[in-house]
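Chemist: Sequence:
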Amino acid sequence: MSEQQICFYLANMVMAIQHLHNSNIIHQDLKPSNFLLDDSGYLLLTDFGLSHSVDKPCSSFSDCGTQDYMAPELSKLLKEGINSGNYKEAVDWYALGAIMFELVTGKLLTDSKEEKSSFANMQSEQIELPENFSEAAKDFLNQLLQNDPEKRLGTNGTESVTRHSFFKIIDWKKLIQREVF
1 MSEQQICFYL ANMVMAIQHL HNSNIIHQDL KPSNFLLDDS GYLLLTDFGL SHSVDKPCSS
61 FSDCGTQDYM APELSKLLKE GINSGNYKEA VDWYALGAIM FELVTGKLLT DSKEEKSSFA
121 NMQSEQIELP ENFSEAAKDF LNQLLQNDPE KRLGTNGTES VTRHSFFKII DWKKLIQREV
181 F
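Just so you know, the sequence shown maps onto residues 1 to 181 in the working numbering.
One should not assume that every hint holds.
[As the list claims (entries may be wrong)] With a straight-line Cα cutoff of 16 Å, these simulated EDC-like cross-link-like pairs (lysine to aspartate or glutamate) come out:
no.	residue 1	residue 2
1	Lys31	Glu102
2	Lys151	Asp139
3	Lys88	Asp148
4	Lys168	Glu135
5	Lys88	Glu150
6	Lys79	Asp68
7	Lys138	Glu150
8	Lys107	Glu135
[To be verified] The following label-pair restraints were derived from C-beta to C-beta distances:
no.	residue 1	residue 2	range
9	His19	Glu150	33 to 41 Å
10	Asp111	Asn147	13 to 21 Å
11	Glu179	Glu159	20 to 28 Å
12	Thr66	Leu44	13 to 21 Å
13	Ala136	Thr46	41 to 49 Å
14	Val54	Lys76	28 to 36 Å
15	Gln177	Lys79	37 to 45 Å
16	Ile169	Asn142	18 to 26 Å
17	Gly49	Glu131	35 to 43 Å
18	Leu36	Gln177	28 to 36 Å
19	Lys76	Gly41	32 to 40 Å
20	Glu179	Gln126	18 to 26 Å
Since the hints were derived computationally from the structure, they do not count as laboratory data. The beta carbon of each residue, even a glycine, is placed where N, CA and C say it ideally should be.
With the hints as extra help, turn the sequences into a complete structure.
Modeler: See the structure below:
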């Protein structure tokens, strides 16, 4: 898949995430299989079974997302055996980064982490993308996969995501109107 195609599909995902977050909802289980391609080539978000209000975090982490796309703050709580906790919309932005990584490399981010030997090791390094991808794409991915949720791209609102240089080819108004194709 080309960088332009990935950019288009990620922009579709960003619009879905923005809609949820504007409604104070965290999806918490974003993954490729929860996006369906419609007959016009746009993505639709599905499976809201684990979604919840920002004000009411999941009461049990045993059913709070798919590990391969789970933000480190949730993974850490799971590993420590803590059964509930408070977290923000940043978990959805991390999942978007994990999806982007998979679209670009064809590998799950968790597989790459295992190759690096430890999660902490992976988070302390910049994630490498194939050379044919732009610096903007690399920067976008690394900001989404930021270990600290307070520093993660999107934490302060979707505008920081949509204004990132990775999306310079996207006309957001046309995308919303489904006029990109």
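Chemist: For each hint, tell me whether it holds in the structure or not.
Modeler: Results of checking the hints against the structure:
1. Lys31 <-> Glu102: Since the Cα atoms of Lys31 and Glu102 sit roughly 10 Å apart, the hinted pair holds (cutoff 16 Å).
2. Lys151 <-> Asp139: holds, 13 Å
3. Lys88 <-> Asp148: holds, 12 Å
4. Lys168 <-> Glu135: holds, 13 Å
5. Lys88 <-> Glu150: holds, 9 Å
6. Lys79 <-> Asp68: Status holds; Cα separation ~14 Å.
7. Lys138 <-> Glu150: Given that 16 Å is the threshold and the Cα spacing comes to 20 Å, the pair is violated.
8. Lys107 <-> Glu135: Violated, at roughly 20 Å.
9. His19 <-> Glu150: 33 to 41 Å: violated, 23 Å
10. Asp111 <-> Asn147: 13 to 21 Å: holds, 18 Å
11. Glu179 <-> Glu159: 20 to 28 Å: holds, 21 Å
12. Thr66 <-> Leu44: 13 to 21 Å: holds, 18 Å
13. Ala136 <-> Thr46: 41 to 49 Å: At 29 Å between Cβs, range violated.
14. Val54 <-> Lys76: 28 to 36 Å: violated, 20 Å
15. Gln177 <-> Lys79: 37 to 45 Å: holds, 44 Å
16. Ile169 <-> Asn142: 18 to 26 Å: 20 Å Cβ-Cβ, so the 18 to 26 Å window holds.
17. Gly49 <-> Glu131: 35 to 43 Å: holds, 39 Å
18. Leu36 <-> Gln177: 28 to 36 Å: violated, 20 Å
19. Lys76 <-> Gly41: 32 to 40 Å: The hint (32 to 40 Å, Cβ to Cβ) holds, given that Lys76 and Gly41 are roughly 38 Å apart.
20. Glu179 <-> Gln126: 18 to 26 Å: violated, 36 Å
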